[in-house]
Amino acid sequence: MAGPFPPDLHDVRHLKLKAGLLLLWALVSFGATYFARDLQVLVFGGWPLGYWIAAQGAVLVFIGIVVVYGWAMNRFERQDAERLAADAAALSDDADRPHG
Amino acid sequence: MAENNSSDTDRAYLWRLHRILALYVTGVLAFLALMTWAEHQGLSRHWIGPIFLFLTVMVYAGIGVYGRTTDPEEYYVAGRRIPPMYNGMAAAADWMSAASFISLSGALYLQGFSGTPGQAGGLAYLLGWTGGFCLVAMLIAPHLRAMGLYTVPDFFHVRFGGRWPRVIAALAAVLCSFTYVVAQIYGVGLIASRLTGVQFEIGIMLGLGGVLLCSFLGGMRAITWTQVAQYVVVLLAFLIPVSWLAYKQLGNPLAPAVYGAQISKIADLEAQLLDSPAEHQVVQTYLRRAQDFEARLRDVEGALEREREKGRERIRALRTQNADVGLIVTASRELAALPRDAAAARERWTREMRENYERARPLGGLPLHSQAYVGDPQGTPDEQRDYELTRRNFLALMFCLMVGTAGLPHLLTRYYTSPTVSAARASVAWSLFFIALLYLSAPALAVLVKFEVMQNLVGSSFEALPTWMAQWARVDSSLLSVEDVNADGIVQFGEIRLGADLIMLATPELGGLPYVVSGLVAAGGLAAALSTADGLLLTISNALVRDLYFQDAKRKASPEQRVILSKFALLSVALSAAFVAALKPSEILPMVSASFSLAASAFVPVMALGIFWRGTTRQGAVAGMLAGLGVAVYYLLSHVPAMRALPSWLLADGLWFGIQPVSAGVFGVPTGLVATVVVSWLTRPAPALPRIRSEM
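These protein sequences, in sequence, are chains L and Y. Position 60 of the first sequence, counting from 1, maps to 60 under this note's numbering, and the rest follow consecutively. Numbers given in this note's numbering equal positions in the second sequence, counted from 1, plus 1000.
Chain L with its partners taken away, still in its complex shape (with noise of 0.2 Å):
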């Protein structure tokens, strides 16, 4: 392969997913910890809150995150395929591959 290879354009449900996740990523890491000092205030069980979503929290809602995106993909393409193979049932015609 010697020419350029430009990628295939992205679902739009996709793009909606990843920028949706995204913002929850930035708002847990880069606002949570902006704020850090203001909800050091806030104790809950010999915990500030601050401290708490730095050393803790940020980190299983990153977890959450992974796992929800790998969910909702497999999902996609699971009935994207299922789309197709109806299509290609009813219309007996080539169809276009998507692709993740």
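Warning: the hint list may mix true and false statements.
[What the hints assert, rightly or not] Example chain Y residues on the side facing chain L (calculated, C-beta under 10 Å, incomplete):
| # | residue |
| --- | --- |
| 1 | S1114 |
| 2 | G1118 |
| 3 | G1122 |
| 4 | Y1259 |
| 5 | R1391 |
| 6 | S1431 |
| 7 | L1432 |
| 8 | L1440 |
[What the hints assert, rightly or not] What the simulated footprint calls covered on chain L by chain Y, stretch by stretch (three residues with Cβ under 8 Å from a Cβ of chain Y suffice, anywhere in the stretch; the number is not a length):
| # | region |
| --- | --- |
| 9 | 26-38 |
| 10 | 43-54 |
[To be verified] Over 12 Å on every C-beta distance to chain Y, these chain L residues come out as not near it, computed from the model:
| # | residue |
| --- | --- |
| 11 | E82 |
| 12 | R83 |
| 13 | L84 |
| 14 | A85 |
| 15 | A86 |
| 16 | D87 |
| 17 | A88 |
| 18 | A89 |
| 19 | A90 |
| 20 | L91 |
Worth flagging that the hints you see were computed from the coordinates, not collected in a lab. Built from N, CA and C at the ideal position, the CB exists for glycine as well.
Please build the complex by placing chain Y on the supplied structure of chain L, with the hints as guidance.
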């Protein structure tokens, strides 16, 4: 995660792997039990360390030999059939370097929440090294996996074509991986020399043997399975001491859930220490020493002459009173140890002055543990500035580490080994899970150790100092130094200085655990360093051979010959990294952080744009990589003391926006983005693209 392809052979393969893993974990635990029993029966400590070191390295080497291969598909991407969970484990071991295992808890201990304005850190490391995986999972890894590549520079070749994108990417990969691998080998040397009592340089060579046995023979396939084995050791070595300390202090071994109770106790102890008169004496003494050095620096030549004269005078005096030979020898050794000339004296005294000023602060210069950022937003202008700078540097460091995670070649190639795109996404999730198991405990360990030091070590007498402190101080005085500065025979908090690289390794001894646990922790640190070094060396040698040497179609060689050439490149890279590490460059963490900044600036802007923006052109990619990397390297080098020799107009004047050099990626990443977009726009092809897509 569900497997896409659930045929019977796949399931059988997975079950076989699960069985082997269960057997291996049982084996490790049984071995620990056996060693504990042997220690109880009187096995000497001199043997425990070497036994751990030798046996673990032998296990890794055994896996490496078993997985040997010359098949390119196996050598570069492990045949692309590693199940997500195991890929996640291997990626976690690959990820958790000597820096994470050895230095992270230490950094959290020394820097508390956020570090100081001059050295941001603390929880920024924790957040940066986990949050980056969100970017890897969503923006990079599945897309790279879908393209069926072998190395990261391959992406630039396939996406942009031509020669230069790949060459620049390969050089950038070598640059940031090499900085990183030097830090790993330094860690190996540190552990091996402590564990076996050999010299630092010999320790490096021993560790290097272990690295080479795994990666030299089997490439990615062998490395993957040794990394799985190493992850188990790393995890046990981290969790056992943390749980033990938590059980001892709080009666519950689940450290991450319960250490909140100690945070407020530490805050109380800190307040007591800040009021203690003995601590004030210590601060005053350090201040006097620092001022003494400052006075000497005003007239270096004269001061050096005076110091020499003072030394000679003392020897003469000792001779005339017929003093003990030992005293005379010490005095002449001190005289000989004085700097040789004015330049050396200026360098050394400046350093010592800075160190003493550093320690001449309350709490030995450590910030309050749980306070977010130093300074005070409502305080004096100085305090406001400190607060603002700490917060800015904290966010900047976190940004560089996160974005750097998405650009480090040795991590990204890990996701090439998964069977499908969906499995690549699942692999990232598993990696983050396995990493979090350890990272959630790291701040707990820092808090528990700090409590132990403040509660038990501070206030004990110098006579009763435990022997392990002397042993560590002997390895390297920058790791640990305790000195009775105010001569009252009692240990003050300001008199203890622990290096970031020491805290984890010394935890078992500090907490009074059996020596077997010390052996296990050292074996864990060794495993962390070896696993990362394996992945990095493979990345470097592949970049050199596949992407630089064979990128011309002219050079003909069979796939087997290429693999063999890669192996020899790996050997020479490993030896040169060991040579650099033997010079003891600096602490592990700053070195590693710098390579994150480099990876972030060189790869991420162009990679993300290349994947998500069809308008990125080859020229744009080249410009973006060069500009991003150029700015980051320039900013880093401008603040290296050795570069001061260059004319000053060549260097960046001072800090830009007060951002520390390690976070150079803050400038590199936007520069790369802007350069890529602008140049791509300028060089956009005149007509609309002829075809919407080309075949894979």
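Numbers of unmet hints, in rising order: Number 2 - this is the single hint that the structure violates.
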